[in-house]
Amino acid sequence: MAINLLNSGAEVSRRGLALHTTITAAKGLQNVLRSNLGPNGTIKMLVSGAGDIKMTKDGKVLLDEMQIQNPTSLMIARGASAQDDICGDGTTSTVLLIGEMLKRAEILLTEGLHPRVILDGFDVARTVDGVDRHSELHLTLIASF
Numbered sequence: 000m001a002i003n004l005l006n007s008g009a010e011v012s013r014r015g016l017a018l019h020t021t022i023t024a025a026k027g028l029q030n031v032l033r034s035n036l037g038p039n040g041t042i043k044m045l046v047s048g049a050g051d052i053k054m055t056k057d058g059k060v061l062l063d064e065m066q067i068q069n070p071t072s073l074m075i076a077r078g079a080s081a082q083d084d085i086c087g088d089g090t091t092s093t094v095l096l097i098g099e100m101l102k103r104a105e106i107l108l109t110e111g112l113h114p115r116v117i118l119d120g121f122d123v124a125r126t127v128d129g130v131d132r133h134s135e136l137h138l139t140l141i142a143s144f
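The letter at position 133 of the sequence shown is residue 132 when you use numbering that gives the first Met the number 0, and the numbering goes up by one with no holes.
Keep in mind that the hints were calculated from the coordinates and are not lab data.
All values reported here derive from a predicted model rather than from experimental measurement.
There's no promise every hint is true.
The calculated lysine to aspartate or glutamate pairs, modelled on EDC-like cross-linking and capped at a C-alpha distance of 20 Å, are [claimed, not checked]: (1) Lys-102 - Asp-119; (2) Lys-59 - Glu-99; (3) Lys-53 - Glu-64; (4) Lys-53 - Asp-63; (5) Lys-26 - Asp-51; (6) Lys-43 - Asp-57; (7) Lys-26 - Glu-99; (8) Lys-43 - Asp-63; (9) Lys-56 - Asp-84; (10) Lys-26 - Glu-64; (11) Lys-26 - Asp-57; (12) Lys-59 - Asp-88; (13) Lys-43 - Asp-88; (14) Lys-102 - Asp-122; (15) Lys-26 - Glu-110; (16) Lys-43 - Asp-83; (17) Lys-43 - Glu-64; (18) Lys-59 - Asp-84; (19) Lys-26 - Asp-63; (20) Lys-56 - Glu-105; (21) Lys-26 - Glu-105; (22) Lys-56 - Asp-83.
With the sequences and hints as input, model every part of the structure.
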């Protein structure tokens with residue numbers, strides 16, 4: 000007898016469709032925040048359900064105010080918000096970087112490269128000359144506080 004462990008309202012997707020949905024969600028979030036970057040970035044007008052208007056170009060405010068439904072986009076938003084909490088800036092840049100990495104990964108996936116190979120490539124890019132730059136940067140940030 001099979002046991003149904005899924006939520007009755009849950010959607011079930013195959014691996015290819017789930018991967019495509021994940022990448023599309025990341026690219027959508029990237030497109031929303033792309034125009035905010037830099038001194039010439041555009042200001043977004045947010046209108047709440049109660050009619051309150053908020054004008055901002057701060058990526059963290061935008062991510063906090065958006066009602067994100069997709070789990071991948073939500074994880075990207077939380078990671079970008081953590082970047083802002085730790086460093087005080089970089090929310091938009093973090094979203095743009097993750098979106099761009101996933102765009103490049105999508106190209107490699109369509110060429111037939113296995114996702115594990117792409118992740119290994121990301122790990123190699125993170126380490127230069129055998130030194131893990133992520134850990135080095137993290138230690139530098141901690142030391143600066």
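A quick look at each hint next to the structure:
1. Lys-102 - Asp-119: holds (16 Å)
2. Lys-59 - Glu-99: holds (19 Å)
3. Lys-53 - Glu-64: Given that 20 Å is the threshold and the Cα spacing comes to 10 Å, the pair holds.
4. Lys-53 - Asp-63: holds (12 Å)
5. Lys-26 - Asp-51: Cα-Cα ~28 Å, so violated.
6. Lys-43 - Asp-57: Given that 20 Å is the threshold and the Cα spacing comes to 9 Å, the pair holds.
7. Lys-26 - Glu-99: holds (8 Å)
8. Lys-43 - Asp-63: Holds, at about 13 Å.
9. Lys-56 - Asp-84: Given that 20 Å is the threshold and the Cα spacing comes to 17 Å, the pair holds.
10. Lys-26 - Glu-64: Holds. Lys-26 to Glu-64 sits at ~19 Å (cutoff 20 Å).
11. Lys-26 - Asp-57: holds (19 Å)
12. Lys-59 - Asp-88: holds (9 Å)
13. Lys-43 - Asp-88: Roughly 18 Å separates the two Cα atoms, so the pair holds.
14. Lys-102 - Asp-122: holds (17 Å)
15. Lys-26 - Glu-110: Cα-Cα ~19 Å, so holds.
16. Lys-43 - Asp-83: Holds, at about 19 Å.
17. Lys-43 - Glu-64: holds (11 Å)
18. Lys-59 - Asp-84: Cα-Cα ~9 Å, so holds.
19. Lys-26 - Asp-63: Holds, at roughly 18 Å.
20. Lys-56 - Glu-105: Violated, because 28 Å separates the two Cα atoms, which is more than 20 Å.
21. Lys-26 - Glu-105: Holds, at roughly 11 Å.
22. Lys-56 - Asp-83: Since the Cα atoms of Lys-56 and Asp-83 sit roughly 14 Å apart, the hinted pair holds (cutoff 20 Å).
The structure fails to meet hints 5, 20 from the earlier list, while all remaining hints are met.
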